[in-house]
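Participant: Place chain D on chain F using the hints.
2 protein chains.
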Amino acid sequence: MNNTAFKFWEKYPSLRSDLGEVHELMKDTIKVRDKDTEEILLDMIDSGGKLLRPAFLLLCGKFGKYSKKKLAPLAAVIELLHMSTLVHDDIIDDAPLRRGKQTVQASKGKTNAVLLGDFLFARCFMLLSEKTSMKFMRLVAKVISQICLGEMEQFSSKYQQNVSPRKYLKRISAKTAALFSLSCYIGAIESKCNPKLIANLSKVGFNTGMAFQIIDDILDYSGSVDLVGKAVGHDLEQGIFTIPLIYALKTDKNKELTHLLSKSSYSKEDVSAIIQLTREAGGIKRAQTLAEKYTKKAFHYIDMLPEKEEKNIMRELVEKLLIRKY
Amino acid sequence: MNNTAFKFWEKYPSLRSDLGEVHELMKDTIKVRDKDTEEILLDMIDSGGKLLRPAFLLLCGKFGKYSKKKLAPLAAVIELLHMSTLVHDDIIDDAPLRRGKQTVQASKGKTNAVLLGDFLFARCFMLLSEKTSMKFMRLVAKVISQICLGEMEQFSSKYQQNVSPRKYLKRISAKTAALFSLSCYIGAIESKCNPKLIANLSKVGFNTGMAFQIIDDILDYSGSVDLVGKAVGHDLEQGIFTIPLIYALKTDKNKELTHLLSKSSYSKEDVSAIIQLTREAGGIKRAQTLAEKYTKKAFHYIDMLPEKEEKNIMRELVEKLLIRKY
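Just so you know, the sequences run in chain order F and D. With the first letter of the first sequence counted as 1, position 15 gets the number 15 in our numbering; the numbers rise by one all the way through. With the first letter of the second sequence counted as 1, position 134 gets the number 134 in our numbering; the numbers rise by one all the way through.
Keep in mind the hints are simulated off the structure, nothing from the lab. Given the structure is predicted, the values throughout are model-derived calculations rather than measurements. Each hint should be verified, as a subset may be incorrect.
A pair holds if it fits inside one copy or across any two, identical chains being indistinguishable in the list.
Lysine-lysine pairs mimicking DSBU-like chemistry, simulated, CA-CA at most 35 Å apart [claimed, not checked]:
1. 65 - 253
2. 296 - 108
3. 297 - 253
4. 297 - 31
5. 31 - 250
6. 192 - 268
7. 35 - 167
8. 297 - 285
9. 263 - 35
10. 196 - 31
11. 31 - 253
12. 110 - 255
13. 27 - 192
Extracted from the complex, chain F is given alone in its bound form (with noise of 0.2 Å):
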């Protein structure tokens, strides 16, 4: 496990203990005969995030008939899936940094990170097929392939003004919160879980999907590299609008941001601007508003848990998660 990952989970050492297999498994999985190749999706894996996805799978699974051995390996998928898609995202902002690191498409060039994305992709459904049911496998093809389409609508809503703030929650539903919602929901169903719980945990995924994207949005607004581990304003500069610009938009009465944003590329000077006018038309507070609403839900269904100690780890790892400054 990196460093990131193992300080971020200190608090919980069983919880550690097993996201540090799931890493292992991970590791595991990308095993190729060509050494450049491994080396690459290695350094991809070590440098990788927090282990999210797979904790909250890990944690969700606890809520019922907890088996390590039949979760590890799916939490480890969800991950590399995971991965996979970022490495492609990548390419497509043709980002320099992910996680304070340099991006596989910066480092590698475009043709490997296509190519690795595809491979880890295609390896992942390998380990599906061994690991679970036909139905669960539809169930992360369908995920899948949501994010792709979420992604299509963002690319092909650049430098677009009037993309209204339902689009934008669909979007966002499409390309972070599925794959949240998806890995509560594998935790407790191959858990045994019941039906209601299994509703009940998917909806914890969910919500905390919807506010950590809307953060994350946010904070190209109003972060600085050092804390998000990106450039600020890069997905403004690319024309991708979200939700702050978005609400902004709506009060921009004297169109001084309708003019700005016409402009064909945007300057540094410009971005700076568009932040300025974003933050004085509200838009800024507004996308705080929306992402604790969000994140309201998220303590709601968790309050409806059972009483175990992983209903308060996930109390506190949401509360680490969404309730951050920005």
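Facilitator: Same frame as chain F, but now just chain D:
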């Protein structure tokens, strides 16, 4: 079905009719709410190839208990998977043309190409999870991961003059022949052919795929845009050294080729000179002999098939594919 395919299969009305259904199923599979996305995908399907892999799958199915209802969706998935790998290949090669038409990446940009490829891929696995068994799913995922590894090896070997014929054969086996072989295997096994027949049919597919790729590579040296549907010398320009050149380098006594190839990029004149030197060194001739070896093997395994109308169709098909001008 597009005109090329319609014309290609005109001698076999029954097969053509079934392939027509495969084509319709492909279109059904990619239906999405977003009409822009759907249009791009439909365009791809309609400007698609001859449906060779589906044809092999169906033909092999005829050697057992043929069920169109069972095989057509599988054939559709195989072709869509093939399409999704092509979409990503074109990003990698930066290819402007495929089958004589603009590629997705050239017309719609790299982002759409990445995402559409991913989306197709995910949709295929969704369809597979409804139509087949886990064992089969695993096989498909494995072949896809092989294709990626083959492409990665090709990419990492760019501009390298020490690629052995053996390494080249391994590469094309992974990136091309495996999917031909799988198509035959699926058709045979899903129609409950006996194990020996399944193995025999798979070998027809494998050897056809090998010869097919070698001929494709030869055409990069000896074809014309009209004949090949893509620019001649394209692979070479990208630093991809295929078998004619690999052979020619072995007899490059006065190091003329070695010298030319050592340049960091190749002008049109360089490409012409390299092609000329490859021809003079007998590289094209030797590659043709290699293609013939695999073609003969394919015929050998066809000869061993039980006497059926489809045996003749398969022989004619392989003749049409592999005994062509180059």
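Participant: All hints are to be evaluated individually against the structure, with a verdict given for each.
Facilitator: Hint check results:
1. Neither within a single protomer nor between protomers do residue 65 and residue 253 lie at most 35 Å apart by alpha-carbon distance, with minima of 57 Å and 70 Å respectively.
2. For the homomeric pair residue 296 and residue 108, neither the shortest alpha-carbon distance inside one copy (41 Å) nor that between copies (41 Å) is at most 35 Å.
3. Only within a single protomer do residue 297 and residue 253 lie at most 35 Å apart by alpha-carbon distance; the minimum there is 33 Å, versus 74 Å between protomers.
4. Taking the shortest alpha-carbon separations for residue 297 and residue 31, only the inter-copy value of 33 Å comes in at or below 35 Å, while the best intra-copy value is 40 Å.
5. Taking identical chains as interchangeable, the C-alpha atoms of residue 31 and residue 250 lie at most 35 Å apart only when they sit on different chains, with a minimum of 33 Å there against 50 Å within one chain.
6. In this assembly of identical chains, the alpha carbons of residue 192 and residue 268 never lie at most 35 Å apart, being 52 Å within a copy and 64 Å across copies at closest.
7. When the C-alpha separation of residue 35 and residue 167 is checked against a cutoff of 35 Å, the pair qualifies only between copies, where the shortest distance is 15 Å, while the shortest distance within a copy is 43 Å.
8. Taking the closest pair of Cα atoms, residue 297 and residue 285 come within 35 Å of each other only inside a single copy of the chain (19 Å); across copies the shortest separation is 70 Å, beyond that limit.
9. When the C-alpha separation of residue 263 and residue 35 is checked against a cutoff of 35 Å, the pair qualifies only between copies, where the shortest distance is 27 Å, while the shortest distance within a copy is 46 Å.
10. Taking the closest pair of Cα atoms, residue 196 and residue 31 come within 35 Å of each other only across two copies (32 Å); inside a single copy the shortest separation is 39 Å, beyond that limit.
11. In this assembly of identical chains, residue 31 and residue 253 lie within 35 Å of each other by CA distance neither inside one copy nor across copies; the values are 57 Å within and 40 Å between.
12. For the homomeric pair residue 110 and residue 255, the shortest alpha-carbon distance between copies (33 Å) is at most 35 Å, but the shortest distance inside one copy (38 Å) is not.
13. Within a single copy, residue 27 and residue 192 get their C-alpha atoms as close as 28 Å, which meets the 35 Å cut-off; across copies the closest is 37 Å, which misses it.
Hint check: violations occur at hints 1, 2, 6 and 11; the rest are consistent with the structure.
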